[in-house]
Structure formats: C-alpha cells, structure tokens
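J.: Please construct the entire structure, taking both the sequences and the accompanying hints into account.
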Amino acid sequence: MAGLVYLLAFSGGFVIMALELMGGRLLAPYFGSDIYVWGSIITVFMLSLSLGYLIGGRLTLRPTSLFRLGLIFSAAAVLLYPLMLISEPTMEWIFGHIEDPRYGSLTACLFLFFIPTVILGMISPYCVRLLVDNTASAGAVAGRLYFVSTLGSALGTLLTSFYLVLWFEMNQVLLALAATLLFLGLLALLLGRGGSSVDSIELPLKPSAELA
Amino acid sequence: MYTQILHLGLLLSLLVSGTSVSAKVIHKERSLYQTILVNQEHKLLCLKFSVRREQRNQTCIDRSDPKRMVFAYTKMMMATLLFDDNPKRILIIGLGGGTLPLALNELYPQATIDVVEIDPAVVKVARSHFNFSPTDKVTTHTLDARVFTKRLNLTLTDESRYNLILLDAFNGEYIPEHLMTQEYFQETAALLAPGGIVAANTFAISKLYHHESVTFESVFGPLLNFTSAETGNRVMIASPSRTLDPTSDLVKQRAQQLALRLRPYDIQIEAFPEQLNTVRDWDTQAKLLTDKYNPANLLRRQKR
Chain X
-11 MAGLVYLLAF SGGFVIMALE LMGGRLLAPY FGSDIYVWGS IITVFMLSLS LGYLIGGRLT
49 LRPTSLFRLG LIFSAAAVLL YPLMLISEPT MEWIFGHIED PRYGSLTACL FLFFIPTVIL
109 GMISPYCVRL LVDNTASAGA VAGRLYFVST LGSALGTLLT SFYLVLWFEM NQVLLALAAT
169 LLFLGLLALL LGRGGSSVDS IELPLKPSAE LA
Chain L
25 MYTQILHLGL LLSLLVSGTS VSAKVIHKER SLYQTILVNQ EHKLLCLKFS VRREQRNQTC
85 IDRSDPKRMV FAYTKMMMAT LLFDDNPKRI LIIGLGGGTL PLALNELYPQ ATIDVVEIDP
145 AVVKVARSHF NFSPTDKVTT HTLDARVFTK RLNLTLTDES RYNLILLDAF NGEYIPEHLM
205 TQEYFQETAA LLAPGGIVAA NTFAISKLYH HESVTFESVF GPLLNFTSAE TGNRVMIASP
265 SRTLDPTSDL VKQRAQQLAL RLRPYDIQIE AFPEQLNTVR DWDTQAKLLT DKYNPANLLR
325 RQKR
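Chains as they are written, first to last, in the working numbering: chain X, -11 to 200; chain L, 25 to 328.
Each hint can be trusted.
From chain L, some residues computed to sit far from chain X (all C-beta separations above 12 Å):
id : residue
1  : E53
2  : V62
3  : L68
4  : A96
5  : T181
Quick list of simulated restraints, FRET-style, between CB atoms:
id : chain 1 : residue 1 : chain 2 : residue 2 : range
6  : X       : L98       : L       : T314      : 22 to 28 Å
7  : X       : A142      : L       : R325      : 21 to 27 Å
8  : L       : D307      : X       : A167      : 27 to 33 Å
9  : L       : L274      : X       : I30       : 53 to 59 Å
Chain L is nowhere near these chain X residues, computed Cβ spacing over 10 Å in every case:
id : residue
10 : T52
11 : L73
12 : A164
Source of the hints: derived by calculation from the structure; they are not laboratory data.
Glycine is no exception: its CB is placed at the ideal position from the N, C-alpha and C atoms.
T.: Here it is as structure tokens:
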C-alpha cells in the first residue's frame, strides 16, 4: 500500500514535467520558443501547482483514502485528454486576439494547462496524509515523498527531452501520459475499494489540532 | 617523458600563437540568444555566433572588396535569381550580417525587401559593423519568424505576397525547430505570389538531410538540390506553383545575363544551372517533420 502511494507520487512528478516540456513544443508554432514563452509555461505551472498543493492539503481535512487518491488521478487523466483536441483551436483564437506573444503565450498556457496541473498538484499533499501515521515521523514521510516525486520529475524531464521527442509524436506522448494517469488511478480505485486495507491510515490523527 | 612535455609545450604554444595571430575580436556582445562576435581576420571582417571553440562564421565581408560574397551558401542562395531575375517583393528569414538583403537591394533597388530577425542585437551589429541599414525599401522585423509568418497570413492580400522567400534562420549550431516543420512551410508557401520561389539554406551532412528533404518537398513540390561538397552547405530551391527546370534555355540565357551583374559579388552564376540537382538522393520514406514531431537538433547530431 505504501509502495503504491510512492509510485503514484513518482508518476505524478513524472507527468508534471513531461507535460511542461510538451507545453513548450505545443506553443512554439504560435508564439515562438523565446524565453518569455518558457516564462509563461513555468509561471502557469508554478501557479497551478501552488494552488493544487493548497487544495490537496485542504482535501486531507476530510476523510482520506487510497480510493479518493485514485479519483484525483482519474480526474487528472480525464482533464488532460482534451488538451490534444482543444489546443489548436484555442491557440488559433488567442493568436488572433492577442498580438503580443508574451501575453498570448501566457493566456494560452492558462487555458491549456491550468486545470490539469492544479489537479496534479493535489497529489503530493494527499500522499503525505495517506502515509503519515504519527506526528513524529511526519517530516520523514514528507521528505521521502518529495524525494520520490521530484525524482519522478527529473526522470520525466530527461526522458521526454532526450528520447520521447525523438521516438514519438507529441500527441502520442500526451496520450501515454493521460493513459498512465488513468491506469494508476484505476489501480488505486480498485485497491482502495471497500477501504478495509487502508483503515489504518484513514484514522484521523488530531487533524484539527495540528492544522488549527 | 621529458620529450612528451616538450611536445605538449610546443603544441600549446602553437595553439596559442595560432589563434592570436589570425583573429582579433573587434566587438563582443552577449544577447538573449547568443554571443555575437565581430572578428577581424586579415582583410576579413566576420560575424560569429555562439561561444564554442569552433565558432562558425555567419557572415564575412572583405574590407578591400566589400561586395564580394565570402561564403558559398550566400552565393548559392542567389541561384534563385535564375528562375526570377526581377523579384518585386522579397522576404528573408534571418539577417546575419545582412549580406543577402544588401546585395539584393543593390541589384534590385525597386524591390521591397522584408527581413525577419529574432535577435535585436544582431540587427544592431549588422548596422554598426556590416553596412546594413534599413531603407524605405528594406524593412527589418525584429521578432520570431514563425510569429511573423503566422500573423502575416491573417492579413494577407494578393499585393503583399512575395516573389522570393529565402529561409536562412539556421546557423551551424542550432536549428529553431518550429521553423523546420511541414506546418511552417505551409504557412510560408501561403505567402508566395503565383510563380514565387522559395530557398532554404541548410546542411548536407546529418540524418536531418532525409527528413528536411521529405518535409520541404511535401509542401513546395520537387526541389532543386544545390550542395557544396567542400563546405557541406546545402540550398533547397522550389516553387509550389511551377516546375523549375535548370536545363531550360531560358535559365541558361538568364545565367548569361546575370553573370556580369553578379561578378562584383564573386558569384559564378553561369556555373550554377548544371549544379542544380534534381536527383532525389535521400530516403523518401523518412518521417516528416511536423509541429507534433520535430527533433531536428537531435537528428542533426546523427550521421547521415
């Protein structure tokens, strides 16, 4: 069970960075690949992740379970999929309405990546809550989770920029990312179903006292 | 052991003296995109990009003979004139030291020339060191070529189309990948007037050769392949709306007429028609480069 949560955190980190790099590719035909295009992408990803952390953390104040984490993953997969369908018309429209490529790329990023990245940001704090069973080890667990998910991000960045762009088309990569999220989400839903195996971690440990 | 050290010392001193004698840096400027160097090498004043040891010259001018084109690829780009010896509207992607717009402006003072260059520092250096200056006929647009092309497509009229488009945005080190895709070529083709010619300056020595050929042909039709064995340069020439026959009498006739006018630039255009190759010597099954698949810089590092 803990192993699966770490795998989920790792994959979440992987997908976030792979998606970010694909973002650069996606935007270049409309806005170039200038430093401000990367500025827009990084800004939107950081903003979305920060909000995702906040919302994911808030969610842990309610009863938590592997099943619910599976729901978050499935939601991310489902929200990532339309990117392939709407990106062209969205950027076409923005290109026609905003002349400055800085604000054009920023707007496009917000439309295309904001929602799926917020959902992806919710994963980390939620995983922390699932794995922490006493306050003494909370920091150690959080540290391990950051380690695993950031390692996933590093690998996602490397694999995507060195190899995936050479072997696959962009939509194939995006599809594979969404499929990975969906597969892991369904796995979590399946294993977390009924909740008996995750009872121990569903016990609230004075959440109101700690977070007040 | 001692002799080895001696040899090493000799080698080092040779290297040091070799570099210090041949080139003097006149101007150095770091821009958002690259490091720009202006070097003086004997009579040549050269523009270089990047900081790597084997920096490539982008443009050189011969101070004792400023019109002379020093590099093979700029001369090769002028082969397009064999198919239109009086272009009214010209678009050049990539300024460099401004050799091409300067020469075309001298040859065709009535022609409207638009130059697109992403790096404002390159425009500045071309003006300050390479005699490039915008006029009422020559306009510089400082922005990404893809953005320029896409935006122009939105407001395009018959009058604003180009008779000649020269794609010269690739330096030896790096290819802006979004300028080497089928979609970009399609947007560029839409800017061509009926009968308009397009030429792209690329390289002949990597795996990219196959992919760029297939991609270029898929949009612009059968291409004329102009390669230089000594320099590794390659220029692709095509027209989406007509067949370019380098063996036609008209082309030979134009070559004769242009020869004298192009002599000050040291362009032997009489010799060009027979060097324009129609043989498709690339892998026609190579994967198309598109906005969804374009690892151009990774392919460029692989052997052909």
